[in-house]
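Asks: Sequence:
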Amino acid sequence: MAEVEVELIETPEGWSPYLSLEDAQKLDDVREALRQGDLQKASHLAHLYKITPLAV
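Sequential numbering from 1 applies to the sequence shown in the UniProt record's numbering.
Careful, some of the hints might be misleading.
As the list claims (entries may be wrong) - With a straight-line Cα cutoff of 20 Å, these simulated SDA-like cross-link-like pairs (lysine to any residue) come out:
hint, residue 1, residue 2
1, K26, K41
2, K26, G37
3, K50, Q36
4, K41, G14
5, K26, L54
6, K50, E7
7, K50, L34
8, K50, D38
9, K50, L39
10, K50, A33
11, K26, Y49
12, K41, E22
13, K50, R31
14, K50, R35
15, K41, A2
16, K41, P53
17, K26, L8
18, K41, I9
19, K41, D28
20, K26, L39
21, K26, H47
22, K26, I9
23, K50, E5
24, K41, E3
25, K26, E5
26, K26, L45
27, K50, M1
28, K41, E5
29, K26, H44
30, K26, V6
31, K41, A24
32, K50, G37
33, K41, L54
34, K41, Q25
35, K50, E22
36, K26, V56
37, K26, D38
38, K50, L27
Hints were generated in silico from the structure; no laboratory data involved.
Model the full assembly from the supplied sequences, consistent with the hints where possible.
Replies: The following block contains the structure:
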């Protein structure tokens, strides 16, 4: 799981809040890095966490 820092842009228009193009690209880059198993690249863009079940 990744925690990606982004800034939500709030405006009075109907499509608010939304992400900047750069933040949306960052999310896509992290998602792609995780799918490829490239944890080093993903860790440069986000905080990474490993979730394990406590009970089965």
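Asks: Each hint: holds or not?
Replies: Evaluation of the provided hints:
Note on K26 and K41: the hinted pairing holds, with a Cα-Cα distance of about 11 Å set against a maximum of 20 Å. A hinted pair counts as satisfied when its Cα atoms are at most 20 Å apart, and K26 with G37 qualifies at roughly 16 Å. Simply put, K50 and Q36 have alpha-carbon atoms about 16 Å apart, close enough for the 20 Å limit, and the pair holds. Distance restraint check for K41 and G14: the Cα-Cα separation of roughly 35 Å exceeds the 20 Å cut-off, and the hinted pair is therefore not satisfied.
About 31 Å separates the Cα atoms of K26 and L54, which puts this hinted pair outside 20 Å; it is violated. At roughly 24 Å between alpha-carbon atoms, K50 and E7 are farther apart than 20 Å, so this suggested pair is violated. Taking the CA atoms of K50 and L34, the gap is near 12 Å; set against the 20 Å cutoff, the hint holds. Of the supplied pair hints, the one linking K50 and D38 holds, its CA atoms being roughly 14 Å apart against a limit of 20 Å.
Distance restraint check for K50 and L39: the Cα-Cα separation of roughly 11 Å lies within the 20 Å cut-off, and the hinted pair is therefore satisfied. Pair hint K50 plus A33 holds up; C-alpha atoms about 15 Å apart against a cutoff of 20 Å. A distance of roughly 17 Å separates the Cα atoms of K26 and Y49; the hinted pair therefore holds under the 20 Å criterion. About 17 Å separates the Cα atoms of K41 and E22, which keeps this hinted pair within 20 Å; it holds.
At most 20 Å may separate the alpha-carbon atoms for a hinted pair to count; K50 and R31 meet this at roughly 15 Å. Straight-line distance between C-alpha atoms of K50 and R35 comes to about 14 Å, which keeps the hinted pair within the 20 Å bound. Straight-line distance between C-alpha atoms of K41 and A2 comes to about 12 Å, which keeps the hinted pair within the 20 Å bound. As the CA atoms of K41 and P53 are separated by approximately 26 Å, the hinted pair breaks the 20 Å bound.
A hinted pair counts as satisfied when its Cα atoms are at most 20 Å apart, and K26 with L8 qualifies at roughly 13 Å. For the suggested pair K41 and I9, the alpha carbons sit about 26 Å apart, so the restraint of at most 20 Å is broken. Between K41 and D28 the CA atoms are separated by roughly 12 Å; this keeps the pair inside 20 Å, and the hint holds. Annotation: proposed proximity of K26 to L39 holds, straight-line Cα distance about 15 Å (limit 20 Å).
Between K26 and H47, the direct Cα distance comes to roughly 13 Å. Compliance with the 20 Å bound is thereby established for this hinted pair. Of the supplied pair hints, the one linking K26 and I9 holds, its CA atoms being roughly 15 Å apart against a limit of 20 Å. Between K50 and E5 the CA atoms are separated by roughly 18 Å; this keeps the pair inside 20 Å, and the hint holds. With a C-alpha separation of about 14 Å, the suggested pairing of K41 with E3 holds against the 20 Å cut-off.
Our distance criterion of 20 Å between C-alpha atoms is met by K26 and E5, whose separation comes to about 9 Å. At roughly 7 Å between alpha-carbon atoms, K26 and L45 fall within 20 Å of each other, so this suggested pair holds. At most 20 Å may separate the alpha-carbon atoms for a hinted pair to count; K50 and M1 meet this at roughly 6 Å. The hinted pair formed by K41 and E5 meets the criterion: a straight-line CA distance of about 15 Å does not exceed 20 Å.
This hinted pair checks out: K26 and H44 have alpha carbons roughly 11 Å apart, not beyond 20 Å. Proximity of K26 to V6 is assessed by CA-CA distance (about 9 Å); at most 20 Å being required, the pair is judged to hold. Restraint check for K41 and A24: satisfied, since their Cα atoms lie roughly 16 Å apart, inside the 20 Å limit. Distance check on the hinted pair: K50 and G37 sit about 13 Å apart at the alpha-carbon level, within 20 Å; holds.
Simply put, K41 and L54 have alpha-carbon atoms about 28 Å apart, too far for the 20 Å limit, and the pair is violated. Proximity of K41 to Q25 is assessed by CA-CA distance (about 14 Å); at most 20 Å being required, the pair is judged to hold. Taken as a hint, the K50 and E22 pair is broken in the structure, with Cα atoms around 26 Å apart against an allowance of 20 Å. Using a Cα cut-off of 20 Å, the hinted pair K26 and V56 is violated, with the two alpha carbons roughly 34 Å apart.
Using a Cα cut-off of 20 Å, the hinted pair K26 and D38 holds, with the two alpha carbons roughly 15 Å apart. Only pairs whose Cα atoms come within 20 Å are accepted, and K50 paired with L27 is accepted, the gap being roughly 18 Å.
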